[in-house]
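**Student:** Residue-level listing of the chains:
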Amino acid sequence: MIGLTVVAALLATLPLLLILTLLLKQGASSLNVAFFTAMPKPVGEVGGGMANAMLGTVMLIGVASAIGLPFGIGAGLYLAEHKAEPLAAVVRFLSDVLNGLPSIVVGIFAWQFLVRPVKHFSALAGGIALGVMMIPLVTRTTEEMVRLVPDALREAALALGFSRWRTSLTVVLRTALSGIVTGALVAVARIAGETAPLLFTAFGNQFWSTSLTQPVSALPLQIFTYAISPYDEWHALAWAGALVLLALVLVVSLIAKFVTRPRFGSGSD
Amino acid sequence: MASTSLHGASVGDRIFRLATTAFALSIPLLLVLLAIDVAAAAWPALKTFGVAFLTSSRWDAVDGVFGAAPAIYGTIVSSVLALLIATPLAVGVAIFLSEFAPAWLRQPVAFLVDLLAAIPSVVYGLWGIFVLVPFLRERVMPLLADRLHLGGTPLFSGPAYGPSMLAAAVILAIMVLPYISSVTREVLMAVPRSQREAALALGATRWEMIWGAVLPYASSGVLGSIILGLGRALGETMAVTMVIGNRHEISSSLFAPGYTMASLIANEFSEATNDLHLSALMAVGAVLLAITLVVNVLARWLVWRVQRQGQA
Amino acid sequence: MPLTAVRFGATVTAESPATTTAPIVSVRSLDAYFAATRAVRDVSLDLVEGQVTAIIGPSGCGKSTLLRCLNRMHETVPSAHTEGEVLLEGKDIYARGVNPIEVRRRIGMVFQRPTPFPTMSIRDNVIAGFRAAGPAAPTRGEQHDIAESSLRRAALWDEVKDRLHESATALSGGQQQRLCIARALATKPRVLLLDEPTASLDPLSSQKVEELVYELRGDVTIVIVTHNMQQAARVSDRTAFMLLGELVEAAPTSRLFTSPVDERTESYITGRFG
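Residue numbers (this note's numbering), protein chains in the order written: chain A, 455 to 723; chain B, 1043 to 1354; chain C, 98 to 371.
Please note: incorrect hints may appear among the correct ones.
Claimed, not checked - When the alpha-carbon atoms are kept at most 20 angstroms apart in a straight line, the in silico SDA-like pairs for lysine to any residue are as follows:
| no. | chain 1 | residue 1 | chain 2 | residue 2 |
| --- | --- | --- | --- | --- |
| 1 | A | Lys-573 | B | Leu-1318 |
| 2 | A | Lys-711 | B | Arg-1056 |
| 3 | A | Lys-537 | B | Asp-1079 |
| 4 | A | Lys-537 | C | Ser-176 |
| 5 | A | Lys-711 | B | Ala-1152 |
| 6 | A | Lys-537 | B | Arg-1056 |
| 7 | A | Lys-537 | C | Phe-131 |
| 8 | A | Lys-573 | B | Pro-1070 |
| 9 | A | Lys-537 | C | Ala-177 |
| 10 | A | Lys-479 | B | Pro-1176 |
| 11 | A | Lys-537 | B | Pro-1070 |
What the hints assert, rightly or not - These stretches of chain B come out as covered by chain A in the derived footprint (C-beta under 8 angstroms, 3 or more residues):
| no. | region |
| --- | --- |
| 12 | 1074–1080 |
| 13 | 1183–1189 |
| 14 | 1291–1302 |
| 15 | 1328–1334 |
Simulated from the structure, these hints should not be mistaken for lab results.
Every value quoted in this text rests on a predicted model; they were computed, and no experiment measured them.
Even glycine gets a Cβ: it sits at the ideal position worked out from N, Cα and C.
Please model the complete structure; the sequences and the hints are all you need to start from.
**Tutor:** Next comes the structure, spelled out in structure tokens:
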């Protein structure tokens, strides 16, 4: 019977190994400098890159973080500092529910509020959709990290004459900071690969665009467009894009792992 | 030396409390706004078609007739099938990691399984189009239909196109596996030592202990993790859109292409021709939202119940 | 001081005939509650300026709670509240409109376990109290002087002067505790509250903290809660004995330990319970 669980473990990790090896093989062969610096080329022309999509992804992550981090950290602080209050239980639960919502639904929600009224797609709308998805992720990790800060530190700060808000910001949040940064990076890694909420918000763009009010491309959007196209050159670019996207996600996740853990409590003895 | 006044207001504290409360309230507010907004946008279509919207298979943008039955059917069938494939594997991995794996193997295997969750959906879709679908079409489908002589049964009949309900279910299974496995692992670890020791003290083998004491104790949490996985599968968009074939038809065969609610929205939303079409897509979103809400609430409740037991 | 003494002269001397100087802190009929549980019952106690007062008693007798009422830390626990008065230089710290933050800046506190801020250097820990002060923050030069003088007062300067910018968590437990005392002293509080400050320390570190308390007397008014009677006898001028939330007896230390008035005190100090 132990054997069965071993087989399960092997079968579960098999797809990962298959996907990774294929990505490396297919992606690396079509990856070159032009991929990072050049713009997409029309069908039939060889070459071209995803420079604009990478810029778009960076812009979208920026907007999403500007929304997701303050709201997530603020809500997480509230949950940790008022853990016994009924409102905290409600918010904690709904935050989990929000986290479980299909990303495509978040996409149509963002479209209703941010695209429909102004009648055109925009980077801003895409970023905000991703930001909404980030909020529950950041909320959760912030709450967990802040709860790890010993109450003794809070008391020490209060006894020194710190007001509650200074205690929260300069002592509690500061002590939990590295854990919160880890959580934020994990959230970024998660939304960086999201496609569905961007389909009708950021929409995609074949051109170089740095404007938040214009549609932008993003790596996952571009991979999707190229993957479902009938052209071999585009398929090759899709593989290269997927390799870059996965590398981005993994690098951010690994950085998150290595950000120093919070230091707590007493020292050497 | 009379000291200075002890008086002074803590305006800062009040502002700070107000601000964090406002951030916290943004979460319920967002959810309420989202639900009302999607429901309102869906209303025209729901009012026009009534129950037929859920039961009819005719989705015709030209004639302005919309019935979402195939997408609803496809969503549920692909997700349930995915769970049937993923659950034994995921629970197996979780048991392996929490009970049997030597300490040095635990971290790496857990990391690899968690890594599955980190791969973006669109990358799964790409792999699905170019590897999984051809593999199913050339190897698995002929094997099932011809070698195992299942071709005559409704489940495995018809031509093997490749993009199909089966492909969607397999890719979904891979995608939800890490979610089920990691929550199950947490739940198993939350089973108190006393439960295990009681079984071992009765002379149970390790496996009997897991089967007789650990799993029953954790059962509602494991169920919760499976339902959590269901929630993920129901709403998954990109990978499914890329391999399911996107055909608006209900077929009993798993070899036939199908549709899901999420992929229907993804494909047609930005090309919606008129207000009714748009509203119909919003209505699909509303149905999806309602189903995932129920599923998520149920799952969270089950997991929460076990974790609370463990703490008590 | 003379001004204050005059102001107190009429009202207080009658209640505290044992002392000639006016008390710096005067507790009047204080009750402290956790929800409906009364942890401190009708306690009245005077603290003499510059003296060390020890509060002893068995576990759960309310001594720590009483201490935490003196700088309004008690109320930071959800559902906790107090009734009665605590006068700091004649002003009730529980009066309407009094900001607890102002109270805590004047009455420092050190806890059972050392609580250095793990993200701050040794020096920043010492001057952390000024961050709380906001507008009245000292300049960089002043900060250094304050850090040095506070660390010297806490008998820690020689041990840390070469690593002021290292993390405070690198210090030993005893050093961390003295750092916390330096931190509490930096803002020049009138009163210093010590809540079992040696409970988590080894004997040698405990001794250093005790010596420090002894040296600080006269300079700052100290209240030390301890479950260790020998410690109380060694460091304090006056000792208060508490039992079941009540203040049984408060007297000069030598007298309390040699000829207690109340038989419950006698039972406790002779080791019959607790």
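**Student:** Hints first: check each against the structure and report whether it holds.
**Tutor:** Against the structure, the hints come out as follows:
no.	hint	result
1	A:Lys-573 <-> B:Leu-1318	holds (18 angstroms)
2	A:Lys-711 <-> B:Arg-1056	violated (36 angstroms)
3	A:Lys-537 <-> B:Asp-1079	violated (30 angstroms)
4	A:Lys-537 <-> C:Ser-176	holds (14 angstroms)
5	A:Lys-711 <-> B:Ala-1152	holds (14 angstroms)
6	A:Lys-537 <-> B:Arg-1056	holds (18 angstroms)
7	A:Lys-537 <-> C:Phe-131	holds (18 angstroms)
8	A:Lys-573 <-> B:Pro-1070	violated (28 angstroms)
9	A:Lys-537 <-> C:Ala-177	holds (17 angstroms)
10	A:Lys-479 <-> B:Pro-1176	holds (18 angstroms)
11	A:Lys-537 <-> B:Pro-1070	holds (17 angstroms)
12	1074–1080	holds (count 4)
13	1183–1189	violated (count 0)
14	1291–1302	violated (count 0)
15	1328–1334	holds (count 3)
Of the numbered hints stated above, those contradicted by the structure are hints 2, 3, 8, 13 and 14, listed in ascending order.
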